[in-house]
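Residue numbers (numbering that gives the first Met the number 0), protein chains in the order written: chain A, 0 to 337; chain B, 0 to 337.
Hints may be right or wrong, so weigh each one.
For identical chains, the list gives no copy identity; a pair is met inside one copy or between any two copies.
What the hints assert, rightly or not - Distance condition first, Cα-Cα at most 30 Å in a straight line; then the derived DSS-like pairs of lysine-lysine:
id	residue 1	residue 2
1	K81	K172
2	K93	K28
3	K136	K218
Worth flagging that the hints you see were computed from the coordinates, not collected in a lab.
Computed from a predicted structure; not experimentally measured.
2 protein chains.
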Amino acid sequence: MDVTVAIDCMGGDHGPVVTVPAALAFLRKHAGSKVILVGRPEALEAAIAETGGALAGRCEIQPASEVVGMDEAPANAMRNKKDSSMRVAIDLVKSGRAQAAVSAGNTGALMAISRFVLKTLPGIDRPAIATALPNRKGHSYVLDLGANVDCTAEHLLQFAVMGSMLMTAIDHKSRPTVGLLNIGEEAIKGNDIVKQAGELLRNSGLNFHGNVEGDDIYKGTTDVVVCDGFVGNVLLKTSEGLAQMLATMLREEFTRNIFTRAMALAAMPALKRFKNRVDHRRYNGAALVGLRGVVIKSHGSADEFAFEQAIYRAAEAGANRLVERIAERMAAMEGAST
Amino acid sequence: MDVTVAIDCMGGDHGPVVTVPAALAFLRKHAGSKVILVGRPEALEAAIAETGGALAGRCEIQPASEVVGMDEAPANAMRNKKDSSMRVAIDLVKSGRAQAAVSAGNTGALMAISRFVLKTLPGIDRPAIATALPNRKGHSYVLDLGANVDCTAEHLLQFAVMGSMLMTAIDHKSRPTVGLLNIGEEAIKGNDIVKQAGELLRNSGLNFHGNVEGDDIYKGTTDVVVCDGFVGNVLLKTSEGLAQMLATMLREEFTRNIFTRAMALAAMPALKRFKNRVDHRRYNGAALVGLRGVVIKSHGSADEFAFEQAIYRAAEAGANRLVERIAERMAAMEGAST
């Protein structure tokens, strides 16, 4: 695909040791794509040398002297680190040299800088964070995941537009279904904001399925699930906690003694296939949507495989006009309502 | 234990075929306890005869001619079915003949009838629904799970009292820790209601741990986790959906072909131990707390084992003065604040 991705190579728990090999692995798989590696040149060059070559012509280094700390206050990162790898990567999107940026750094700082540099799209009050979660049929996008704690019905409608266009741009699905997260399927249930959002969604022209409940996320009832950032953050972290607990318990039962270890060995191919299917690394790369540019947030602890997935999502979204699709859809809705 | 539990034997998806054998199994394990089976006498007698005896003197039948439908409107059940098995079971708690009631019927109707018949405790604005969720160390109680969609900070404080007393009454833990569900551990995060609730909890005299996040539930960071009913319902159903998806995928990998079936056979003891550990039936029995009486809600689809757990929880809560403990704690807090 014909796209250039700017990569904040210094962010995340591991920095260039992970981000640079992931970028080069991505380039090898996707002919025509380019990356701009952003960070301290000496660190990047060392990592490139170790990986064995820079894929000449498709991989460029953009120097940035500073790094945003993982626990740094977003306001501080924004005001005082104008030459951070995160900021420079986003500036590359702003200037049009790249069609998307990826960072594994501090979420708060990434959101603050992205919002400040890129600005939100017309009609969008606040950007949101969306991620893909696996289900029995494939995956769906859930948003918002924590950028917006208190949301109005209009915000939820905007999230639905952004989630739908994300599914269209990255997964090439033309009329994604949208579910409104609620605590009952009947339209009368839920709080006032959710009820109002239901009304707006029914008249939006989106492919609105209706209310969905928590279990519908993993059943794959709809392609997109919208909720406020408090609920979305709780459901995401609860899911992570439950999955980790179950994985730990399964491991404990198979490593209890020499007999159970032998069982694990015997069952390895099936256990391994299961592990691959539910591997959360495949879903790495949350989208900051609603901005005038594509920004993808990788998990801070992402390994090379996981970070490569985040780059891939950034490239797909950039190549398939995510931002323009959201803008067009918002404009069409504005037009219809006036 | 010295306690009498009133059982709505007609409620739930299966009725007396499940509820009666579960009640008799409970009696056999707990000397000194009694049950009052509520429902249509002919249906109950038939179920008792099949189980092989009524444990004379410890099992009584209380006739009730009506049944609340699983999809019946709560208002209708409350107004027009005064001789329903659900209503009669709760009446037995009200009159003092039973110390607790259990039903697998319609949650909305159970809450409406319980509230109408038993009333809320002094200082409690609204009853809540609490359930035990498993974690790496044992289990914790989470509330509210859907009875209260919009909550004030005071409601969250009341939930914390109710959850703490539940842990004390059922699990005999004297100073349970309380976590306030939020989207960040820092006190500055979250919405205004959660921030205010944090202030109230810090001054409550409860064993307040501070903010917790979704993954802390399954880590077992605190004994009690409080949140509003919208968030609680979403997190519970999301957990159910994820657990079901993972179980389905694990089963699929082991039943893919004759080789994987052989692997499953070889790994059976470890897989079975894992299944037992995460068996949601062990956690059946949500408590309707904040009322002047103990009411436990079983899952509608509960089998005999699961329904027996719900009866056990009702008996423990009734025998260990759950209601009085909540009332005393609320009175102490009132006294301290005036």
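Check K136 against K218 for me: Cα-Cα at most 30 Å, and say if that holds within a copy, between copies, both or neither. Answer is both: 8 Å inside a copy and 29 Å across each meet the 30 Å cutoff.
Since the copies are identical, ignore which copy is meant and state whether K93 and K28 lie within 30 Å (CA to CA) inside a copy, between copies, both or neither. Answer is within: at 26 Å inside a copy they meet the 30 Å cutoff, but 70 Å across does not.
Given a CA cutoff of 30 Å, do K81 and K172 count as a within-copy pair, a between-copy pair, both, or neither? neither (38 Å within a copy, 53 Å between copies)
Hint compliance for this structure: hint 1 alone is broken.
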